[in-house]
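Engineer: Chain residues, written in single-letter form:
Protein chains: 2
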Amino acid sequence: MNKYQAPVKEMSFALFDVVQADKVFAELGADSASRDIIEAVLEESAKFTQSVLAPIYQSGDSEGCRLDVASGSVSTPTGFKEAYQQFVEGGWTGLTAPEAYGGQHLPETVGALVKEMIDSANLPWGNYPLLSHGATEALKQHGEEWQRAAFLAPIVEGRWTGTMCLTEPHCGSDLGLLKTKAEPVADGKYAISGTKIFITGGDHDLTENIVHLVLARLPDAPAGTKGISLFIVPKFKVARDGSMGERNPAVCGSIEHKMGIHASATCVMNFDGAEGYLIGTANKGLNAMFTMMNTARLAVGLQGLGLIERAYQNASAYALDRLQSRSLSGPKRPDKPADPLIVHPDIRRMLLTCRTLAEGSRYLALQASLQVDILERSESAEARQAADELLGFLTPIVKACLTEWSVECTYHAQQVFGGHGYIAEWGMEQLARDARITTMYEGTTGIQALDLLGRKTIQLQGAGLKRFLGLVVEFCSGHTKNVQLAEFVAPLAQMAQEWQQLTMEIGKATMENPDNLGAAAVDYLFFSGYVALAYWWARAVEAADRSGNAELAARKRALARFYFQKILPRTFSHAAAIKTGAASLMELDEAAFVA
Amino acid sequence: MNKYQAPVKEMSFALFDVVQADKVFAELGADSASRDIIEAVLEESAKFTQSVLAPIYQSGDSEGCRLDVASGSVSTPTGFKEAYQQFVEGGWTGLTAPEAYGGQHLPETVGALVKEMIDSANLPWGNYPLLSHGATEALKQHGEEWQRAAFLAPIVEGRWTGTMCLTEPHCGSDLGLLKTKAEPVADGKYAISGTKIFITGGDHDLTENIVHLVLARLPDAPAGTKGISLFIVPKFKVARDGSMGERNPAVCGSIEHKMGIHASATCVMNFDGAEGYLIGTANKGLNAMFTMMNTARLAVGLQGLGLIERAYQNASAYALDRLQSRSLSGPKRPDKPADPLIVHPDIRRMLLTCRTLAEGSRYLALQASLQVDILERSESAEARQAADELLGFLTPIVKACLTEWSVECTYHAQQVFGGHGYIAEWGMEQLARDARITTMYEGTTGIQALDLLGRKTIQLQGAGLKRFLGLVVEFCSGHTKNVQLAEFVAPLAQMAQEWQQLTMEIGKATMENPDNLGAAAVDYLFFSGYVALAYWWARAVEAADRSGNAELAARKRALARFYFQKILPRTFSHAAAIKTGAASLMELDEAAFVA
Numbered sequence: 001m002n003k004y005q006a007p008v009k010e011m012s013f014a015l016f017d018v019v020q021a022d023k024v025f026a027e028l029g030a031d032s033a034s035r036d037i038i039e040a041v042l043e044e045s046a047k048f049t050q051s052v053l054a055p056i057y058q059s060g061d062s063e064g065c066r067l068d069v070a071s072g073s074v075s076t077p078t079g080f081k082e083a084y085q086q087f088v089e090g091g092w093t094g095l096t097a098p099e100a101y102g103g104q105h106l107p108e109t110v111g112a113l114v115k116e117m118i119d120s121a122n123l124p125w126g127n128y129p130l131l132s133h134g135a136t137e138a139l140k141q142h143g144e145e146w147q148r149a150a151f152l153a154p155i156v157e158g159r160w161t162g163t164m165c166l167t168e169p170h171c172g173s174d175l176g177l178l179k180t181k182a183e184p185v186a187d188g189k190y191a192i193s194g195t196k197i198f199i200t201g202g203d204h205d206l207t208e209n210i211v212h213l214v215l216a217r218l219p220d221a222p223a224g225t226k227g228i229s230l231f232i233v234p235k236f237k238v239a240r241d242g243s244m245g246e247r248n249p250a251v252c253g254s255i256e257h258k259m260g261i262h263a264s265a266t267c268v269m270n271f272d273g274a275e276g277y278l279i280g281t282a283n284k285g286l287n288a289m290f291t292m293m294n295t296a297r298l299a300v301g302l303q304g305l306g307l308i309e310r311a312y313q314n315a316s317a318y319a320l321d322r323l324q325s326r327s328l329s330g331p332k333r334p335d336k337p338a339d340p341l342i343v344h345p346d347i348r349r350m351l352l353t354c355r356t357l358a359e360g361s362r363y364l365a366l367q368a369s370l371q372v373d374i375l376e377r378s379e380s381a382e383a384r385q386a387a388d389e390l391l392g393f394l395t396p397i398v399k400a401c402l403t404e405w406s407v408e409c410t411y412h413a414q415q416v417f418g419g420h421g422y423i424a425e426w427g428m429e430q431l432a433r434d435a436r437i438t439t440m441y442e443g444t445t446g447i448q449a450l451d452l453l454g455r456k457t458i459q460l461q462g463a464g465l466k467r468f469l470g471l472v473v474e475f476c477s478g479h480t481k482n483v484q485l486a487e488f489v490a491p492l493a494q495m496a497q498e499w500q501q502l503t504m505e506i507g508k509a510t511m512e513n514p515d516n517l518g519a520a521a522v523d524y525l526f527f528s529g530y531v532a533l534a535y536w537w538a539r540a541v542e543a544a545d546r547s548g549n550a551e552l553a554a555r556k557r558a559l560a561r562f563y564f565q566k567i568l569p570r571t572f573s574h575a576a577a578i579k580t581g582a583a584s585l586m587e588l589d590e591a592a593f594v595a
Numbered sequence: 001m002n003k004y005q006a007p008v009k010e011m012s013f014a015l016f017d018v019v020q021a022d023k024v025f026a027e028l029g030a031d032s033a034s035r036d037i038i039e040a041v042l043e044e045s046a047k048f049t050q051s052v053l054a055p056i057y058q059s060g061d062s063e064g065c066r067l068d069v070a071s072g073s074v075s076t077p078t079g080f081k082e083a084y085q086q087f088v089e090g091g092w093t094g095l096t097a098p099e100a101y102g103g104q105h106l107p108e109t110v111g112a113l114v115k116e117m118i119d120s121a122n123l124p125w126g127n128y129p130l131l132s133h134g135a136t137e138a139l140k141q142h143g144e145e146w147q148r149a150a151f152l153a154p155i156v157e158g159r160w161t162g163t164m165c166l167t168e169p170h171c172g173s174d175l176g177l178l179k180t181k182a183e184p185v186a187d188g189k190y191a192i193s194g195t196k197i198f199i200t201g202g203d204h205d206l207t208e209n210i211v212h213l214v215l216a217r218l219p220d221a222p223a224g225t226k227g228i229s230l231f232i233v234p235k236f237k238v239a240r241d242g243s244m245g246e247r248n249p250a251v252c253g254s255i256e257h258k259m260g261i262h263a264s265a266t267c268v269m270n271f272d273g274a275e276g277y278l279i280g281t282a283n284k285g286l287n288a289m290f291t292m293m294n295t296a297r298l299a300v301g302l303q304g305l306g307l308i309e310r311a312y313q314n315a316s317a318y319a320l321d322r323l324q325s326r327s328l329s330g331p332k333r334p335d336k337p338a339d340p341l342i343v344h345p346d347i348r349r350m351l352l353t354c355r356t357l358a359e360g361s362r363y364l365a366l367q368a369s370l371q372v373d374i375l376e377r378s379e380s381a382e383a384r385q386a387a388d389e390l391l392g393f394l395t396p397i398v399k400a401c402l403t404e405w406s407v408e409c410t411y412h413a414q415q416v417f418g419g420h421g422y423i424a425e426w427g428m429e430q431l432a433r434d435a436r437i438t439t440m441y442e443g444t445t446g447i448q449a450l451d452l453l454g455r456k457t458i459q460l461q462g463a464g465l466k467r468f469l470g471l472v473v474e475f476c477s478g479h480t481k482n483v484q485l486a487e488f489v490a491p492l493a494q495m496a497q498e499w500q501q502l503t504m505e506i507g508k509a510t511m512e513n514p515d516n517l518g519a520a521a522v523d524y525l526f527f528s529g530y531v532a533l534a535y536w537w538a539r540a541v542e543a544a545d546r547s548g549n550a551e552l553a554a555r556k557r558a559l560a561r562f563y564f565q566k567i568l569p570r571t572f573s574h575a576a577a578i579k580t581g582a583a584s585l586m587e588l589d590e591a592a593f594v595a
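Protein sequence lines, in the order shown, are assigned to chains A and B.
The first sequence begins at 1 in my numbering and counts up by one.
The second sequence begins at 1 in my numbering and counts up by one.
Honestly, the hints are just simulated from the structure, not real lab data.
Wrong hints could be hidden among the right ones.
Pairs involving identical chains hold if they fit within one copy or between any two copies, as the list cannot separate such chains.
Stated by the list, open to error - Below 25 angstroms or equal to it, Euclidean Cα-Cα: the simulated SDA-like pairs (lysine to any residue) are:
1. K579 x E498
2. K237 x G273
3. K226 x L323
4. K3 x L323
Chain A on its own, in the form it takes in the complex (with noise of 0.2 angstroms):
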């Protein structure tokens, strides 16, 4: 009952025409990036992830996980496999990766399309290969390349795929906290003792070989966040040259039972001595994982997109089909017993929330991975600088308002079906529950927001911020005189000058009170995130009308309206808000708080 079909127009309008990627992929000479090309790839991503992976997302999610305790393996659900050789057949696990290792090397934006459709089709699937790409990114650029060819290219191959493990039972978001062990023993090897939780596709029957990338303190290891250093741990041991050997002691103990995602194996993950070896320096392992975590930050952000994009297709194609009651403004089909859902003026709001932050999502998370590709290309540092700073800026918000949203956007969807979303057949509920972790695995909203508002604006001096809002201050000012663009250039300036306001504002309370940070942080990651989609909405409408397609631009300019109108002002309270600073949070002692 739950369909996808992927937005592949859409996409290219986005990345070509809104993002203008291909302006940046020529100075990037990445030639094999040409339009044609991509929409290419982007047909074929669709043919698969619509025939292949969305008819197996349900079944998936009613037959779960099975683990066979006795050996500690797990089951996927029936047809995930198979889904997964087809996969790896296309050559999509190579998709983005660098050609020395059997990569196509195709651009991350290329990648992030891809992506959003996988996960649109079948998130929990594909959560098995996200984290083979968080790994490939952390062997680039921390790895030895001895390790590089002994991990890297199986991982390229499709053939082993990738962990994190970081959580462990007392600590998740605070990693100072870990005591997971390694010790070194023969041969420049380590011995991996302790327990990892919440580890995502820790053991599965999809390859022949899992790379465990572990976080864990050397004996003589300072304590805190200062003393981890990160080591690949594979599910069976890897000699130097690339050999498979036998079974390492790192096992799955047991499987999480969860709200969603039930096809994705969460497992409790037993180092017991496992055979492993150091990435990059010791005790700087959290610099590694740091690598890694900002690529499945941006991976996840994109899970929250697929699944706006996938409660919005279906949701409105329940709105256009189902009839209950009649319009306010008279009957529309006099002909039926009813109108449609779709001629209600609620149904419209709840379905253009979701279409709008779907839309403006993807172009918001498409300019985060374009400089991801600048990074990995731009011969200029200047280049890789500013594309550093505005990554570093975007990653926490496309990372939690992408899958805020989505938790926003499946309950939409959820309530145009009336009582029917609350049916597992309808396939809504589903959505839903898998929404629902992605506000807080690779770090929860909070932290994001923490990560945006500390780390990577008052830390840095608003480097990232500067950045975005000279993007946003070079094109109102380009199109001072565009009549089209005026309704939505006017009030993105007065929204950009009150974002660098509010900005400043935090930072002299945070000054006084360091509380004022924590307590304004997470309207700040939304009042951020509304404001840039407003940017990218009257870019959209800029590009539409650029296209001299009359119906496109007018759909366009439509939905911007919608935008500026009924969602931005969202941003009127997030300000408000945080104006008021953290004394009313921090007022009430703690006994207070006890139920």
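Assemble the complex: chain A is given as a structure, and chain B must be docked to it using the hints.
Structural biologist: The following block gives chain B in isolation, referenced to the frame of chain A:
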């Protein structure tokens, strides 16, 4: 892992000190409702709900209901039947029912608090007795005397339960489309045939009989809502003398697979010439059904409140216990490896959102229930008229806002738990799944919003709003010189004025274009809910000041400050969205929604 402690002290404070129900009880001559007696009732209810219902909440969810297809019989989860027996033995089924039919006739306000405890402890279990309450009201107000004797007495006694059978596969919100038929047969009986879906408690094993109240059409009935009649159709036939006969062909055909409330059977009911009696006047069934629906809507609002309370209790306990990261303003527990979550402003933001919405919702729900008591008991036609108008206005706000807030607050509770919030074992995800039905059943939030703004406000020239605003003005003008309250009274008075102004603007816009009503409805609903809670928070501070308990006064003041500073500003966004009208919602034609 998911605890519950009934907040008896807070409930008593809400009922007597804030809402000051005792004054009203005295006027109504409800002598049995002294504070001592009611507090004793609440203590007993606390014991029952905590020790009997709460322990089978999680097990009931994982076990779910089972249908024996051959007999159409539903089995409830382990312990549900025994809990229901204890509920009957404790006299809870007749708590607020008329003495003439064996009830104790305690005020509905007291019933509301008991109901909240049931919903906190085990909402899905609570759904079985819930609809008995609606059936009681319908029989009281619309039934004939023999019907009351035959059907009401066993319901009050707890031997039978009631259901509401409205929805059909092709009609949910739009009851005018319903097709179920009623054919007159001998002895003033009717043969009912048709299929009803989403029937909560349509079958179960808790009682010896089930009384279905069924909407159906007589052979000569006009089309649409003016041709709907209400029938009593018992599971086992009942003669006019109340004696039970053979099985009626009113059978559960299947039970739905739902996102949550797994322990609450949601049935497809097949009526195949089932024997029934007409209640009230032919073709006026919707009136009688509204009686049940209004009762049920308040009851669902209380479900929202119950979920928020339990979510808050668990999240705050976790935040006090779980050590993770240091406070931004320096370590608070240097002796420990990290500070408890409660030191972080954003964690407090989420907890205080739950706390202030729970307490504020309780005041508001009690205000609504008190109008039911006045309506039922007052001898003054004027007082009844006032109560009726206020109740009509408050019912959609209570239903929709409290349930929407339960979706939000169970979300916050999950976030406080981080990844553990997604794991079944910890129980927060169950609260979130269970909350998700409350914004749908008994009329979606969109339907409540249309009821509030269209039927209850615009159509009635703001009768209910004027009553509420009258209370606000009375409170504000009674405390103009109260320095302690100044920080609340001034913004409250301003918000009340804006509420009135906004209502007039919408009325005007609606005359120009009826779609403006539909466009504004949900934002207006939330706006109303937030201002209503601001009134009650100001009154709570005043009540706490009056109590002479300095700790209580300081606590309520701190909570009210949080509410006014962090929650009330949400009205800014809603007001701004309202003011832009329907244009941006209606601009796109239907084709543009095809995905």
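Engineer: Determine for every hint whether it applies to the structure shown.
Structural biologist: Hints versus structure:
{"no.": "1", "hint": "K579 x E498", "result": "both (12 angstroms within a copy, 21 angstroms between copies)"}
{"no.": "2", "hint": "K237 x G273", "result": "within (12 angstroms within a copy, 70 angstroms between copies)"}
{"no.": "3", "hint": "K226 x L323", "result": "between (61 angstroms within a copy, 19 angstroms between copies)"}
{"no.": "4", "hint": "K3 x L323", "result": "within (20 angstroms within a copy, 43 angstroms between copies)"}
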